[in-house]
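If you're matching positions, the sequence shown starts at 186 in the numbering used here and goes up one per residue.
Note that these hints are calculated values from the structure, not bench results.
All C-beta atoms in this analysis are idealised placements derived from N, C-alpha and C, irrespective of residue type, glycine included.
There may be inaccurate statements among the hints.
[What the hints assert, rightly or not] The list that follows gives simulated cross-link-like pairs (lysine-lysine, BS3-like), each with its CA atoms no further than 25 Å apart:
1. Lys-935 / Lys-956
2. Lys-463 / Lys-317
3. Lys-1043 / Lys-956
4. Lys-577 / Lys-317
5. Lys-317 / Lys-219
6. Lys-508 / Lys-463
7. Lys-490 / Lys-508
8. Lys-450 / Lys-508
9. Lys-935 / Lys-577
10. Lys-249 / Lys-222
11. Lys-781 / Lys-754
12. Lys-781 / Lys-866
13. Lys-935 / Lys-960
14. Lys-222 / Lys-307
15. Lys-508 / Lys-533
16. Lys-577 / Lys-307
[Said to hold, decoys possible] Here are the in silico distance ranges between beta carbons for each label pair:
17. Gln-608 / Tyr-689: 56 to 64 Å
18. Glu-528 / Arg-911: 47 to 55 Å
19. Pro-730 / Phe-656: 25 to 33 Å
20. Pro-1000 / Thr-574: 18 to 26 Å
21. Lys-450 / Arg-638: 58 to 66 Å
22. Leu-552 / Glu-817: 32 to 40 Å
23. Glu-818 / Pro-730: 24 to 32 Å
24. Ile-618 / Cys-728: 32 to 40 Å
25. Met-405 / Glu-992: 31 to 39 Å
26. Lys-650 / Arg-858: 32 to 40 Å
27. Glu-839 / Leu-1029: 50 to 58 Å
28. Phe-537 / Glu-377: 17 to 25 Å
29. Thr-371 / Tyr-483: 26 to 34 Å
30. Lys-650 / Thr-574: 24 to 32 Å
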Amino acid sequence: MAETVTVVTPVIDMLVQLLLKRATLFRRVHGEVKSLKDELESIQCFLIEAEEKLEKGDVNDGVKTWVKQVREEAYHIEDVMDEYLLRVAQRSHLHGFIGLLHKTGHFFKSFKSRNDVAFAIKSIKASLREIKDRGERYGFNSLEKLGSSSSRALTSFERYDPRLGSLFIGEDEFMDVYSTRDELVTRLVEGELSRTVISFVGEGGVGKTTLAKQVYDNEMVKGHFDCRAWFTVSQAYNPDVLLMTMKRYFCPTFECNVGEIDMMKEVISQLRQCLQAKRYVFVFDDVWHTDFWGVMKYVLPNNDKGSRVIITTRNDAVVASCKDTVFDLVKKLQPWSQESSWELFLKKAFQFERDGCCPLELKQLSLEIVRQCQGLPLVIAAVAGLLSTKEKVLFEWKKIYEALCFNLEEGFVKERREKTLEQVAEEYLNELIQRNLVQVWNMNFSGSDKLCRVHDLMHDMIFSKAGELGFCNAFIGKKSSLTQRSRRLAVYSSSHVMENVEDYSARSIFVFNNELTTPFVEFTFEKFKLLKVLDFSNTPLDCIPEGLGSLHHLRSLNLRNTKVRMLPKSICKLNNLETLDIVNTQISELPIEINKLRNLRHLLGLCHDPARGYGIEAFQGQRLHRGIGHLEELQTLSNVQALHNEFCIVKELELLTQLRWLGISKLTEEMGRSLCTSIEKMNNLERLTICSTDTESEILDLHSISSPPHFLQRLNLMGPLDEFPRWIVNLPYLSRLSLFSSRLSDEPLKYLCHLPNLSLLWLCRAYNGEKLLFKESGFQKLKLLEVSELYRLNAVTIENGSLPLLEEVRIGSNPQLKEVPSGMQNLRSLKLLEISQMPSEFVLGLQRQGLQDSLKVKHVPSISSWYRGDGDLYDGSLANHVAENKSTLHTSRVCVANHEVQLKTSSSVSLAPTQADIDDGKVELKFESSVYRSSWRTSIKNGFSRNQS
C-alpha cells in the first residue's frame, strides 16, 4: 500500500538508532537529529492518507508531486547521515604517519564535519516544513477534507479491519457465548423502556466483538427494533467523520445549509430528529476514547422506547464514562478456561480430519499452543484455523507456535521472544508463495533452497512501479539512462554504465552480465560509497580490487559462482558486513582479516566440483585461521575445513552458540569427538553437514553426543560410520537426512522409521547389507526417498501401512537389485518413480505389461529413467512406462559423452533400445524390432537442440 511510507519509516528508525547508539558522534547535533525525526513522523501521518488516495486514483498531479517530494527528502536524510558515518569510519582506519597527521587536524575536521551535518539537517528541516505546509493545503491533516472532489466518508469501513474475522464466527464455534448471548438478548428486548447502554469490556481477543455480533444478529433482536446499525470506531476515532457517516445512513436527504463551524451541531440535531420516534439498537465496536460518549449521548435520544446502545472496549475508563444510569450494564468478559480453550482448539484445528482428534505426537505442542493463547478465543480460533491448513507435522506446527505474536497490533498475545531477521524474511517469502504472488521455480535435492520467480505480467507491473517510485532502475544497454535517483540498480550491461550514470546514491547493485570488466568493478567501489548490497553472482568476475574496503556501509557481498580466487585484506574494513557468499568460487582460503568482521552473520563457502559427482572429494570447504570464534554473531558457517596449518577449528566452534547452520569438512576421527562437545552447545542449530577426509577411510566418530540440538531439521553425514549414531532417533524435528558413504553393516531403517517429521531420506553408499525393510507403520511423513549405490542390495520390501505419504522414489546404481521393491503397489501417494543406471532385468520388468513388476507401478503417474555413457557406444535399456488406458507422454533420458538427450514417447510406443551410437552429432538408438534415428545440433550452453529426422 504505502510505498513512500515504507521509505520514510526505515529513515525514522535509522535516526532513532543513531540517537541511541551513536550519541557520542552526534552529541553536538543531537537536538537537530531529534527534531528531524519529529518532522518526519508528523509528515508520515499525512503520507498514509495521501497514498490511500493515490491507490484509488482520486488525486491530482499536485498530490503525486507532493508524495514524490517527501520520498526524495527521506532519501536525502539517509544520504546525509550515511555520508557522515562514512567519513567517521574512514578516519578511524588511518594509521602510521598519515594517522598522526590526521590526529593533528582531527579537531578541525570533526568540527567541520559536525557543522556540515548540522547545516544539512537545518536545510532538510526547512524543506520538510515547506512540504508539510503544502500537505496541509491539500487537506491531509483532516480526514473529511481529503480528496480532490468529495469528502471522505467512512474510513473505518473502507480499510481492512484486523478484527473482521470476529464478525463472521459461527454460533457453533464459541460454546461459551451461548448462555451470555441469550441473557443479553433478553435484556435488550425485555428490559427498561429508557435508553440503556450495555458495555462489553475485556482484553483484545477475548470475544467482545464476537459476542456483540451474536446478539446483534439474533432474530428476536432484528424483529424487535425499528432500526439497527453497526459502527466500528477504533483508535482512529474522529467524531466529525462518525457523525457524517451516521447522517448519511439515517437521514441522507437532510442538507446542511450553515457554515462549517455550526455544521456538526446541525448534524447532531438532524440525527436526534430522525431517531426520536424509533426504537433503535446501535453497536459501537472498539471504542478507545473516554470522550466518545460525551458526544454520542447527545446524538442518541432517550426516547423511552426501549432503545439500546452496545459498546465494546478494552478500556475500563471508557466503560465508566458511558454509565449514566443504574440500568446501564457492564459485562466484563474473562479469558476462557483451559478446558474450553482446548475444546475450541480441537474443533478448529482438526476440522478437516475425519475423527477430529489430535495426533499423539502433536498433543504436547498443541496444549502448549493453547496455553500461550491465554484463554483468548479469537487467538485460539485464528491459530487453530491456520494450523488446520498446515500439514500435521510437528515441525510445521512449531513454526506457528513460535509465531504466536502474529497480531501484536491488536494486543492478542504479548511478544515473548525475538525473531531473527532471517526468520522474518522467510515468513514474508512463504506468505508471498502461499498467495501465489511468487512461484517456486526450482529447488535443490533437499528442498532447502528455493529458486523463485514471478509471472511475466506481475514482473512487468513490478518493473513499472519500481521505476516510478525510484525503488529500482535497470541498465540494459547503451541507450539506457540512469539519470533518475534510485536506491537499487540492476545492471545487465556494464560497458556503458560509467558514462551514463549521474546519481551515485544507490544502496544495492545487482549485476547480470557475462562481460564484467575490472574497470567497472573499480568504478563501482569508487563512486557508490553508500552501497549496502553488492551482488556479482554468476558473472565472470575473477578479481576483487582493494577498493572493496571503502564500502563502509556494505552489509551483503555475493560472489557466488564467480572465478574470484582470493579476497583482499581490505575486507577487514567492512565493519557492517553481515553476509558473505563465496559458494562455488575459487577461493580456497579466507584471509585472517575475516575475523575482524564482528557483525558477520552468514559465511557461505561450499565448493562443488560436478565432474567428481557427489563423492566426498567433490566437495571442498574454505580454510580458516585461528580467531573465527570471535565472530559471535555468526548464524551460518558452511562449508569450512576442520584443519588448516595445524589449527583445528573444532574447539573454537563451541564459542559460536548462535549458529543455525554448520557445515564442516575434512574431519578426522579424533576431531569428531571434540566436535560433538561443540555441537551440544549449539542450541539453535537447525542444519548440520559433517564430512570426513578425502580418502573416505577416516571414521566419523559422532557417538559422544548425548544431548543433540533439539531443533535440528537437516542432517547430512558424509563418511564412514562404524555404527549408526543413536542420538539421531532423538531429533523430533528432523525432516531431511542424508547418509553418504556411511557403509553401515547394520540396517539403518529400523532406527529411522519412527522419526515423527522425517520427509526426505537419501541413502547413498550408506549400507553394505543385502536387504532393506520398510516396516508397517514406519516413515509416516516421508515424501521423498532415494536409494543409490548400495552395491550389495538385492531386495527391498515395503510392508503395507509404511510410507503412506511417499510421493517420489529415486532408485539408481544398485547393480544387484533386479526387481521392483515388493509392496510398491501399496504406495498410493506415489507420483514419480525415477530410475538411473539400473540392471536391464529391473527395467524390462517395468516395461512389459502383465508382468508382476509392471503391475506394482501401474498406478504411478510418471516413471522416468536415464543412463550415462562415456564414449560413442552406449549399451543399456531405457524404460518406458505404459500406463493402462492412458495416452500421455513419458520421458526417458540418456546421457552420452556427458550430454543429456531427452526422449518423449507416447504410451503406444514401446521404447527399449539396446544400443545407442553417436557419430558426428547424430544419435541412433537400436531397438529389438525397430530403429529410431534423431540428428542433433552441436551442443550449446544449455545443452542439445534437436532436429528430428
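Hints and how they fare:
{"no.": "1", "hint": "Lys-935 / Lys-956", "in the structure": "holds, 12 Å"}
{"no.": "2", "hint": "Lys-463 / Lys-317", "in the structure": "violated, 46 Å"}
{"no.": "3", "hint": "Lys-1043 / Lys-956", "in the structure": "holds, 24 Å"}
{"no.": "4", "hint": "Lys-577 / Lys-317", "in the structure": "violated, 53 Å"}
{"no.": "5", "hint": "Lys-317 / Lys-219", "in the structure": "holds, 17 Å"}
{"no.": "6", "hint": "Lys-508 / Lys-463", "in the structure": "holds, 22 Å"}
{"no.": "7", "hint": "Lys-490 / Lys-508", "in the structure": "holds, 19 Å"}
{"no.": "8", "hint": "Lys-450 / Lys-508", "in the structure": "holds, 24 Å"}
{"no.": "9", "hint": "Lys-935 / Lys-577", "in the structure": "holds, 23 Å"}
{"no.": "10", "hint": "Lys-249 / Lys-222", "in the structure": "holds, 23 Å"}
{"no.": "11", "hint": "Lys-781 / Lys-754", "in the structure": "holds, 11 Å"}
{"no.": "12", "hint": "Lys-781 / Lys-866", "in the structure": "holds, 23 Å"}
{"no.": "13", "hint": "Lys-935 / Lys-960", "in the structure": "holds, 8 Å"}
{"no.": "14", "hint": "Lys-222 / Lys-307", "in the structure": "holds, 12 Å"}
{"no.": "15", "hint": "Lys-508 / Lys-533", "in the structure": "violated, 37 Å"}
{"no.": "16", "hint": "Lys-577 / Lys-307", "in the structure": "violated, 58 Å"}
{"no.": "17", "hint": "Gln-608 / Tyr-689: 56 to 64 Å", "in the structure": "violated, 34 Å"}
{"no.": "18", "hint": "Glu-528 / Arg-911: 47 to 55 Å", "in the structure": "violated, 39 Å"}
{"no.": "19", "hint": "Pro-730 / Phe-656: 25 to 33 Å", "in the structure": "holds, 29 Å"}
{"no.": "20", "hint": "Pro-1000 / Thr-574: 18 to 26 Å", "in the structure": "violated, 45 Å"}
{"no.": "21", "hint": "Lys-450 / Arg-638: 58 to 66 Å", "in the structure": "holds, 59 Å"}
{"no.": "22", "hint": "Leu-552 / Glu-817: 32 to 40 Å", "in the structure": "holds, 35 Å"}
{"no.": "23", "hint": "Glu-818 / Pro-730: 24 to 32 Å", "in the structure": "holds, 27 Å"}
{"no.": "24", "hint": "Ile-618 / Cys-728: 32 to 40 Å", "in the structure": "holds, 37 Å"}
{"no.": "25", "hint": "Met-405 / Glu-992: 31 to 39 Å", "in the structure": "violated, 53 Å"}
{"no.": "26", "hint": "Lys-650 / Arg-858: 32 to 40 Å", "in the structure": "violated, 56 Å"}
{"no.": "27", "hint": "Glu-839 / Leu-1029: 50 to 58 Å", "in the structure": "holds, 55 Å"}
{"no.": "28", "hint": "Phe-537 / Glu-377: 17 to 25 Å", "in the structure": "violated, 47 Å"}
{"no.": "29", "hint": "Thr-371 / Tyr-483: 26 to 34 Å", "in the structure": "holds, 29 Å"}
{"no.": "30", "hint": "Lys-650 / Thr-574: 24 to 32 Å", "in the structure": "holds, 30 Å"}
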